[in-house]
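Visitor: The residues making up each chain are set out below.
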Amino acid sequence: MKLGVCYYPEHWPEETWKPDAKRMKDIGIHWVRVAEFAWSRLEPQDGKLNFDWLDRSVDTLGEAGLSVVMCTPTATPPKWLIDKYDDVLQVDVQGRPRKFGSRRHYCYNSASYREETRRITSVMAERYGKHEAVAAWQTDNEYGCHDTVRCYCPNCEREFRVWLEQKYGAIAALNEAWWNVFWSMEYNDFSQIDLPNLTTTEANPSHSLDFYRFASDSVISYNQLQCKLIREKSSYPVSHNVMLYFGDFDHFKFAKDLDIITWDNYPLGMLEQSPLPAEVKAHFLRTGHPDLISLIHDLYYGLKDQPFWVMEQQPGQVNWAPSNPIPAKGAVRLWSHQAFGHGADVVSYFRWRAANGAQELMHAGLNKHDGTPDRATTEARQVANELRMLGKKQTEVALLFDYENLWATELQKHAQGWSYWGLMFSYYHALRSLGLDVAIVHPRSDLSPYKLAVAPALHLVDEALAKHLESYVNQGGQLVIGPRSGFKTLSNVVQELAPGPLQNLMGLTVSHVDALRPGISDTILKGDETLSYSTWADLLRPTTAEVLASYTNPAYEGAAAVCQQAHGKGRCLTIGMWTEPEVLKVFLKPVLQSLTIAIQDLPEGVRLASREGRSYIYNFNPHEVKLELQDIKTTLNAFDLKFKDQ
Amino acid sequence: MKLGVCYYPEHWPEETWKPDAKRMKDIGIHWVRVAEFAWSRLEPQDGKLNFDWLDRSVDTLGEAGLSVVMCTPTATPPKWLIDKYDDVLQVDVQGRPRKFGSRRHYCYNSASYREETRRITSVMAERYGKHEAVAAWQTDNEYGCHDTVRCYCPNCEREFRVWLEQKYGAIAALNEAWWNVFWSMEYNDFSQIDLPNLTTTEANPSHSLDFYRFASDSVISYNQLQCKLIREKSSYPVSHNVMLYFGDFDHFKFAKDLDIITWDNYPLGMLEQSPLPAEVKAHFLRTGHPDLISLIHDLYYGLKDQPFWVMEQQPGQVNWAPSNPIPAKGAVRLWSHQAFGHGADVVSYFRWRAANGAQELMHAGLNKHDGTPDRATTEARQVANELRMLGKKQTEVALLFDYENLWATELQKHAQGWSYWGLMFSYYHALRSLGLDVAIVHPRSDLSPYKLAVAPALHLVDEALAKHLESYVNQGGQLVIGPRSGFKTLSNVVQELAPGPLQNLMGLTVSHVDALRPGISDTILKGDETLSYSTWADLLRPTTAEVLASYTNPAYEGAAAVCQQAHGKGRCLTIGMWTEPEVLKVFLKPVLQSLTIAIQDLPEGVRLASREGRSYIYNFNPHEVKLELQDIKTTLNAFDLKFKDQ
Amino acid sequence: MKLGVCYYPEHWPEETWKPDAKRMKDIGIHWVRVAEFAWSRLEPQDGKLNFDWLDRSVDTLGEAGLSVVMCTPTATPPKWLIDKYDDVLQVDVQGRPRKFGSRRHYCYNSASYREETRRITSVMAERYGKHEAVAAWQTDNEYGCHDTVRCYCPNCEREFRVWLEQKYGAIAALNEAWWNVFWSMEYNDFSQIDLPNLTTTEANPSHSLDFYRFASDSVISYNQLQCKLIREKSSYPVSHNVMLYFGDFDHFKFAKDLDIITWDNYPLGMLEQSPLPAEVKAHFLRTGHPDLISLIHDLYYGLKDQPFWVMEQQPGQVNWAPSNPIPAKGAVRLWSHQAFGHGADVVSYFRWRAANGAQELMHAGLNKHDGTPDRATTEARQVANELRMLGKKQTEVALLFDYENLWATELQKHAQGWSYWGLMFSYYHALRSLGLDVAIVHPRSDLSPYKLAVAPALHLVDEALAKHLESYVNQGGQLVIGPRSGFKTLSNVVQELAPGPLQNLMGLTVSHVDALRPGISDTILKGDETLSYSTWADLLRPTTAEVLASYTNPAYEGAAAVCQQAHGKGRCLTIGMWTEPEVLKVFLKPVLQSLTIAIQDLPEGVRLASREGRSYIYNFNPHEVKLELQDIKTTLNAFDLKFKDQ
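Protein chains in written order, with the working numbering: chain G, 18 to 663; chain Y, 18 to 663; chain S, 18 to 663.
Where hints are given, some of them may not hold.
Claimed, not checked - As a list, the in silico BS3-like pairs of lysine-lysine whose alpha-carbon atoms are at most 27 Å apart:
no., chain 1, residue 1, chain 2, residue 2
1, S, Lys42, Y, Lys430
2, Y, Lys116, G, Lys116
3, S, Lys42, Y, Lys543
4, S, Lys42, S, Lys543
5, Y, Lys659, Y, Lys298
Stated by the list, open to error - To give an idea of the chain S side of the interface with chain G (calculated C-beta under 7 Å), a few residues:
no., residue
6, Ser201
7, Leu215
8, Thr218
9, Glu249
10, Gln433
11, Arg534
12, Ala572
No lab work stands behind these hints, which were simulated from the structure alone.
Computed from a predicted model, the values in this text were never measured in an experiment.
From the three backbone atoms N, C-alpha and C, an ideal C-beta is built for every residue, glycine too.
Next comes chain G alone, as it looks inside the complex (with noise of 0.2 Å):
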């Protein structure tokens, strides 16, 4: 477990270069990433290289006894890149080209631009490849942040006409495909096929989500280029920072090629930006929501199912949010160990010192715009005396998350409330307010670690997956599965009645899906108890499921809405209906019983984590909190944490 800290040479005084690391040193910080928006400074001009400053700052930073994350610069092409070509700036979704004057104002696609990159980034592995300071790499600077995954560019236009070619070898089978018959839209040749914006009306939802899968593809090959350039003169770690609550390109296929999963966690900003009710957001207003930050934890901890970092951890105000409240006293610390909680190895603040100009001139750092030491230098240094190694998570419940569904189901909501993400946290809250550590994972890796393993929304479904979710089952494995499941096959049309090839496993059939307006909300049946939904509901018709739960409403003629059945030393759960965690709660308790996994109710805004050699107790609360569960009896000051070491 160690500490670290986002730092940029570039923006200070050479002389102050020296202090500076010393004082990281105290501070107890270990890693220092440099270099990510530095090429105008490592290239002032075509082909002058200027590496000499960068050399000094790493060794000086080595001197100190730091290790430096090294970055590619590609995520800021200076201007007079960007003048040399005219096939390297994006193209928005309106059709119009997108200028330089701030950040990732290239196309991943542009021929161009890939060239710019061998060259900056061989140049960049040859030169600290294999330098002592350094021992991690970083490539490239959030991908796809600005909306800049999906690009309406000619180089992506070209491009995707060739990877659909490559996917369906005759335009036919594109055609049956995509279902293209519909509306006349049916092509004779690939080279015909146009990007899926500025159509008259909506665009073609498959053709749409292959765009996407090309879109994501892009940012993935464009990934890898670097990668193998780095990999030829280095043996250094690689890693990429991705964002939070960010889907617009795959990170499963994504995370294959990178060493180390990093992410870059703002829990203000997040919370800002998140769909929850203002009194949840005025209750945390100033740590951010706990499930809100650790979903995005689990996930990527999910991604390779080992230990990520958070490259950038926000220590103090964000400048980006629509308002950006000053984080509580304590919330510095408290984030950190959530991280190391839910399994990261490093937590890196963003960033050193407050940038005095620019952009980000709002944004708080470790030190103030001054210099001096903001307040979660202090934080910092009492985590760093905190830390202590610890191994693997350890969790019985995993919850099945796949990009795919993510777009699939957004491209055609049906209900104006439908949010994949939003489902997720329902049903990842629900779990982490029972004290439960949940791993996520994808629904095609191995299931067989986990006792329960729940799927709430898996819309396309082909019969690989359906063998694999029945093999795991068959075998004891618990299955929950939410709405919306099994509707699509991968080409996101419809082959046979939702769950389609899930119908044996799941032993029912869907006759309808309703989709209700905000604000509506309607009722179930579960014995004599009335539990309330809203936004969505599949129309069960079990053929060899049992009914656990029945909608009242008379337009869905008796639907169930909650049906289980067993199958061979396992069991499914299908759960009809869009609902609030609470409600998830009364159909997952005797679940989670029956398994024998322990359960704790946690109060609002305290939170459990555990890893080997070490447990985390925590506490968002603005106020003091005594617990009192089967194990744990202590007291909680307002934002405060406790360990049980193991």
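Let chain G serve as the given structure and place chains Y and S on it in line with the hints.
Guide: For chains Y and S alone, coordinates are given in the frame of chain G:
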């Protein structure tokens, strides 16, 4: 009275066609609409026609005893056609070309597209014009859907100038009519006139109104081309399916070219998109609001004063509203009979079978995605058994509707909450809640069949119209005139104080108009009764009229709100303010009583409709209703309907 | 003190001119503004001048004893002029050319348009520069209306680069000033710099701030061109009519080139567009909010510290707000005298007669569409009878206003609810509700006339400004400083911790700033009194200052909210948080008392204004008010006004 269905043989394997046809017949369906989106199958490549499959499909339907509505496929030109020309795609109001990939992607003023239309329409008219299984035509599909009436491309710019030159002859006449001296907008020549989009601030509303007229005429002349070509080869009636609450072209003018008006009735999508309050939307969640539906029925009956068809009737969920609830059990029967009660000759369900892919995949049909019957099948069968032949509607009350007044008042709303549709709905709702049938007619149509004519916002008035209305009143008609009437000439400018040429008839002038922010309401006094209004107030200054109610606000300086005067054998009542149905009824009831028109106060959600041969009593409420009216004493279940046959 | 009217002889038949002029004189009007939109009538075709009609019209007015304000017609270049060049139309922030068809459709940096401006202005200056009936000039009309200050066309790109080169000399200086090292935004050459629109994410705020300055300077230099040409031929004073709550160009800088500042006062449109709460808008529905109006009066008086004109005074409804209520009876009189009380020399009504066509058809005038007097005529006549000559305003309190602080803080709002105008309004409202007159001046102006100077958001501060303020306080001035002050240098970057160069004067530093979501409020403690704030908090850390109130939130770690320190003969009070007027008054009252400035607590909607010769007491409430102040005991009717003549 017949049922129909929309069918896409090109979507399904040929072996299903015969059993499909048999089942249609068995349910009680008579009409089957085909081919409106089939161009890419009829002509997969330029000039390579392939009608064999359509021939076989039509034959199959005919052999089963079904009658075919044959459509021209022009709503969806294939990609090869789009690529062949550079002048077919539309340009949107933002100046962006609208791409291929959905539907309605053609400009009505493209010479190339008119030529292609001529070619394909002639082929179809020749092939099916006398086919025994075919019995009617539909041109294109839903002209104007997805904001496609008003196109901002170079074709339209060029043709707009021609249209203006034909209308005005000399540029000086246009400058004067548009009041172009204001802001130095005068032109020297027709060739200088741009389309009225992307101007620095709003364009001249006279310029915009003429552009709306031109765009409307473009749709009409495009449709005339198709009608003419079909009629050269066929004597079957020609129809087109228009949309709900859609006013971008003048349907009265358009209707003259057609034999049958048909429309597409989607009550739940209509409700979701309406501005009705959330509690009303919740109450009518699964049926839609009855008056929202029947206002459109009555309007389209009025287009030709003859029975219309519902060409597309919602049979389950739609896919295109923000949220898409399942209809109530019984709603499909209710909607079907409501249509017949309001003057439909045919109700045709959209669609036979749910689409397995593409944009409308989430839209229900009579059958599910797997081809098995969905619940609407049961209700359609029941409707078929309940049908009988009916005559014309019989109504004593006319509501005057004019698309140009819609355009002119909404181009200069003046009050944020102003809506022409909204005001029409308010009057219509008041009348129907009194148990009345309502004819909706153009202001210049023959009004002699009606005891009462109601004109809510008769904004653009010339001498001829004033004379027409005076003559109606002189001969004993009762006219009710609402706010904003007589304000402008047909050029969209003011020539004298409102009500302009109507002043003699109304016996008053309008000294000022007040335009209130949403949320503000104020009061009028009728005797000692205080009534409220909002949004709009015409300040009436009677010259010869009698005052029935006055505004209380001192800013209005004693203006009258409601006035009345006798004229010849009839009377004219002026209601100066925008108001809710309950207040309107206070003024309408005495008028109706004086005309000996029988009224019955109906509960919310319950309505009556009458047609020669049968009366309908229907209940859109989700609860039982006991009716104790003068003529009708009965109990209606939730979503139930009763007949009173003559 | 005089009345005026805006008149468009070109809109009306020549036979009406003489009677119109007679009636103007009869009402008591002295000034008549003409010709600002008349270009297409003055020059119907390129080079074919036709000034005869204007000559005759001016003669007619002069013969009636009226004085003419002659306008250059450059706000509306005719279509032939636009078509003659390809560089006149503006390009909007979305990159779209803005078309002809309304007004203000020219770019200030178009060389062609400057040439045409030179030509037409010279012709007019020559023709009317010594005309007896003419007595003043207006350049153009409402520079910047419809978002036209900031144009994104190639002219502006080119000129922006020139402007930057003149400002910075070397590109390295620009890179450093803008902190372009951040995100590798460094340039090698001025020719590389784009306009800051359509960047991938937000542009560098230093880049944007310089663009705003450049755009402001473009308006100013365009106006200088006109002033210079007029003055070559005429000695009549030159004016321009600026707008309400409009800050896109620097009015202090702009005002230097003019002899008279005039503005366009539309209280009801201003209220509708303001962010005031719905209940305040309802209360002041038919008068507007008095402080919303007089803040602008006082600001524009302050531009040159001399009486201004209201060039366009709302006389009835406007047409351009979302909703447009009728003014209260008496409102026109109230507004007119309010203007005189706040320092107007002329109030000129817009317009003589309502336009019968085009964009402003729904805008009232002194006369109705048919030429008969509208109600404002009566009130104008009364005002004329009540006028007397007055001297300068006499005020002890100054509010410091700077357009660059408006731009800089709104470019980086940080809190969603931040508004520079809103904060100014809060302070202004507090001061006026205490019965005080307020001078609004630029921070760098001579403050010695004022006992108290209030600086709500003095964001950009350099050494010179700090010294200027220190000197004011040293000599006995009382300074009140609000949030966000001293945060940045003029380059829009941070050089030292806030308040930067003001630290010595204020005796504190700002350790952090808190930026709260709308709806969140928190508290401060002043002694044992709890007061609330919202939106913004500067966390004050006194070095030498005394603490008057502290924040209660533990996240602030004991920070002070309000501090005070003596400095030389004066004192400086710092109010760190955004707060409502009632809380501001708690801190301002003791300060005012210590300065022996007399205060009087006024009821809502009642205000005082004083000018040498006359004091005004006015009541904007829709109800009667009994005043029992120290000096003033009187009863005011609804919308009434009383004078206290000296």
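Visitor: Please go over all the hints and tell whether each is borne out by the structure.
Guide: Hints versus structure:
The hinted pair formed by Lys42(S) and Lys430(Y) fails the criterion: a straight-line CA distance of about 35 Å is larger than 27 Å. Taken as a hint, the Lys116(Y) and Lys116(G) pair is honoured in the structure, with Cα atoms around 23 Å apart against an allowance of 27 Å. In summary, the hint linking Lys42(S) to Lys543(Y) is not supported, as the alpha carbons are separated by about 43 Å, beyond the 27 Å threshold. With a C-alpha separation of about 59 Å, the suggested pairing of Lys42(S) with Lys543(S) is violated against the 27 Å cut-off.
Simply put, Lys659(Y) and Lys298(Y) have alpha-carbon atoms about 24 Å apart, close enough for the 27 Å limit, and the pair holds. Because the smallest distance between the Cβ of Ser201(S) and any Cβ of chain G comes to about 4 Å, under 7 Å, the interface hint for this residue holds. Taking 7 Å as the C-beta cut-off, the interface hint given for Leu215(S) holds, the closest approach to chain G being about 5 Å. A hinted interface residue such as Thr218(S) counts as satisfied when its beta carbon comes closer than 7 Å to some beta carbon of chain G; here the least separation is about 4 Å, so the hint holds.
Given hint, Glu249(S) at the interface with chain G, is violated; its Cβ is 42 Å from that chain's nearest Cβ, farther than 7 Å. Hint status for Gln433(S): holds, given a least beta-carbon distance of 4 Å to chain G, under 7 Å. Hint status for Arg534(S): holds, given a least beta-carbon distance of 4 Å to chain G, under 7 Å. Contact between Ala572(S) and chain G, as hinted, is supported at the beta carbon level, the nearest pair being about 5 Å apart and thus within 7 Å.
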